[in-house]
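Keeping their order, the protein sequence lines are chains F, P and U.
So the mapping is simple: our numbering equals the position in the first sequence, first residue as 1, plus 10.
So the mapping is simple: our numbering equals the position in the second sequence, first residue as 1, plus 10.
So the mapping is simple: our numbering equals the position in the third sequence, first residue as 1, plus 10.
It is worth saying that the hints were derived from the structure and are not from the lab.
Careful, some of the hints might be misleading.
Identical chains blur together in the list; that is why a pair holds if it fits in one copy or across any two.
Taking lysine to any residue pairs in the SDA-like style, the calculated list, with each CA pair at most 25 Å apart, reads [claimed, not checked]:
1. LYS140 with GLU46
2. LYS140 with GLY119
3. LYS16 with ASP122
4. LYS12 with GLY68
5. LYS140 with MET54
6. LYS16 with LYS140
7. LYS140 with GLY118
8. LYS140 with THR19
9. LYS140 with THR117
10. LYS140 with THR125
11. LYS16 with ARG79
12. LYS16 with ALA88
13. LYS140 with GLY124
14. LYS140 with GLU34
15. LYS12 with ARG67
16. LYS140 with GLY27
17. LYS12 with TRP126
18. LYS140 with GLN128
19. LYS140 with TYR14
20. LYS16 with THR94
21. LYS16 with GLY68
22. LYS12 with ALA40
As the structure is a prediction and not an experimental result, all values here were calculated from the model.
Chain by chain, the residues run as shown.
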Amino acid sequence: MKSYRKVLTLNVPARTGFVNITPEVEAALAESGVREGLALVNPMHITASVFVNDDERGLHADFARFFDRLVPHEPTSAWRHNDTGEDNADSHVKRQLMGREAVVAITGGRLDFGTWEQIFYGEWDGQRSKRVLIKIIGE
Amino acid sequence: MKSYRKVLTLNVPARTGFVNITPEVEAALAESGVREGLALVNPMHITASVFVNDDERGLHADFARFFDRLVPHEPTSAWRHNDTGEDNADSHVKRQLMGREAVVAITGGRLDFGTWEQIFYGEWDGQRSKRVLIKIIGE
Amino acid sequence: MKSYRKVLTLNVPARTGFVNITPEVEAALAESGVREGLALVNPMHITASVFVNDDERGLHADFARFFDRLVPHEPTSAWRHNDTGEDNADSHVKRQLMGREAVVAITGGRLDFGTWEQIFYGEWDGQRSKRVLIKIIGE
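Based on the provided sequences and hints, a complete structural model is requested.
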């Protein structure tokens with residue numbers, strides 16, 4: 011069994027944003043030499059998501075608005091987590107709703123995706139450097 | 011390491027519906043010959059979910075009603091994704107909330123499930139043919 | 011390829027509660043002898059979650075309150091699943107929103123976590139004994 015590890019670093023300039031990291035995951039897969047297996051992709055942080063959906067700007071605006079309404083950032087005093095001095099309790103909740111990780115099949119050396127599947131990094135508490143882990147196992 | 015790939019095709023006759031695909035995943039596992047490993051099951055589409063829950067009709071009605079109220083299909087003009095000519099922005103959001111994929115342990119050649127665990131395909135934008143990927147790795 | 015399986019048993023004394031099981035997963039990893047691979051952690055029940063987030067008491071209170079408001083337990087008659095005699099329809103929905111499973115990378119014999127990542131068992135229908143499956147594959 012082969013295994014391969016790579017860490018991406020991202021810095022989203024707003025509190026919320028979605029970045030298509032499919033090319034970076036494909037590059038890691040090529041470097042790994044794995045042809046059959048699984049790729050795990052997850053943020054190494056707890057106020058961010060990795061997810062698979064559509065690379066469409068309007069949809070990303072819908073995601074941001076929907077989750078901001080459902081899990082309001084303000085008033086920050088409404089959240090007990092923010093009693094610690096943080097202001098990002100909502101980001102922790104949004105990360106749970108959107109999900110933490112994507113596990114993707116690898117077949118014939120490629121990400122085994124349908125036509126529209128793309129992998130995104132979803133930031134809920136940005137304006138600072140964050141890491142995304144890619145772990146590939148297989149043969 | 012062995013790997014095995016199978017694709018199911020489903021066509022749910024309504025916009026929303028839940029289909030128990032546990033027998034199909036068990037059949038794929040038997041075909042794979044894998045006795046210890048992991049099975050990944052995911053739609054190859056971005057308006058559908060694969061998830062593990064209970065095979066109970068009332069619960070499925072609750073799922074459909076809860077998610078339709080939380081993420082309304084109409085007015086379709088409320089969603090920026092629908093400016094593209096699509097009408098399924100809500101389906102993309104529901105898929106995120108319900109989840110994309112199930113990763114299931116394989117032990118002794120069986121899905122390593124508790125008493126009530128069953129795998130479902132969850133459709134949020136049906137009335138057309140969709141594919142579900144089963145990828146099994148192990149020994 | 012090595013594989014290792016361990017089952018934890020937990021009994022959360024309230025309907026809702028969050029238990030940090032990172033030490034138990036680390037112990038299972040040490041027992042497995044796996045140095046490179048993946049760990050899958052999931053409840054063997056359908057009204058509970060396993061997730062990765064922060065070990066902070068205020069945040070856990072926020073999680074409990076947020077999900078109880080979004081998916082109310084009462085009136086129990088509002089849910090069709092409860093027509094079966096159960097009263098836990100809300101717990102099945104909460105489990106979907108919070109997620110079922112965590113898949114974690116293993117690198118150099120350690121859980122490959124960022125600074126704040128911890129694994130939790132999330133109970134939505136407690137006051138009884140529940141099982142959590144840890145399945146580790148790799149080399």
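- How would you classify LYS140 and GLY118 at a CA-CA limit of 25 Å: within, between, both, or neither? between (31 Å within a copy, 22 Å between copies)
- Classify it for me, LYS140 with THR117: is the Cα-Cα distance of at most 25 Å met within a copy, between copies, both or neither? Classified as between; 19 Å across copies, 29 Å inside a copy.
- Query: Are the CA atoms of LYS140 and GLY124 at most 25 Å apart within a copy, between copies, both, or neither?
  - Reply: Between copies only: 10 Å across chains, 28 Å inside a chain, cut-off 25 Å.
- Is it within, between, both, or neither for LYS16 and ALA88, if the alpha carbons may be no more than 25 Å apart? neither (38 Å within a copy, 39 Å between copies)
- Message: Within, between, both or neither: how does the pair LYS140, GLU46 come out at a Cα-Cα threshold of 25 Å?
- Response: Between copies, since 23 Å is at most 25 Å while 29 Å is not.
- Item | Alpha-carbon proximity context of LYS12 and ALA40, limit 25 Å | Both. Shortest intra-copy (13 Å) and inter-copy (20 Å) distances satisfy the 25 Å Cα cut-off.
- Same-copy or cross-copy closeness of LYS16 to GLY68 [CA-CA at most 25 Å]: Result: close neither inside a copy nor across copies, 30 Å intra and 33 Å inter.
- Copy assignment of LYS16 with ASP122, given that the CA separation must stay at most 25 Å: For LYS16 and ASP122, both the intra-copy (19 Å) and inter-copy (11 Å) Cα distances are at most 25 Å.
- Query: With identical chains treated as interchangeable, where does the CA-CA distance between LYS12 and TRP126 reach 25 Å or less: within a copy, between copies, both, or neither?
  - Reply: neither (28 Å within a copy, 28 Å between copies)
- Item | 25 Å Cα threshold - placement of TYR14 relative to LYS140 | Close inside one copy (20 Å), not across copies (32 Å); limit 25 Å.
- Item | Homomeric proximity label, LYS16 with THR94: Cα distance no greater than 25 Å | Answer is neither: 33 Å inside a copy and 35 Å across each miss the 25 Å cutoff.
- Item | Intra/inter-copy verdict for LYS12 and ARG67 if alpha-carbon distance must be at most 25 Å | neither (37 Å within a copy, 39 Å between copies)
Violation of the numbered hints given earlier is confined to hints 4, 11, 12, 15, 17, 20 and 21; the remaining hints are satisfied by the structure.
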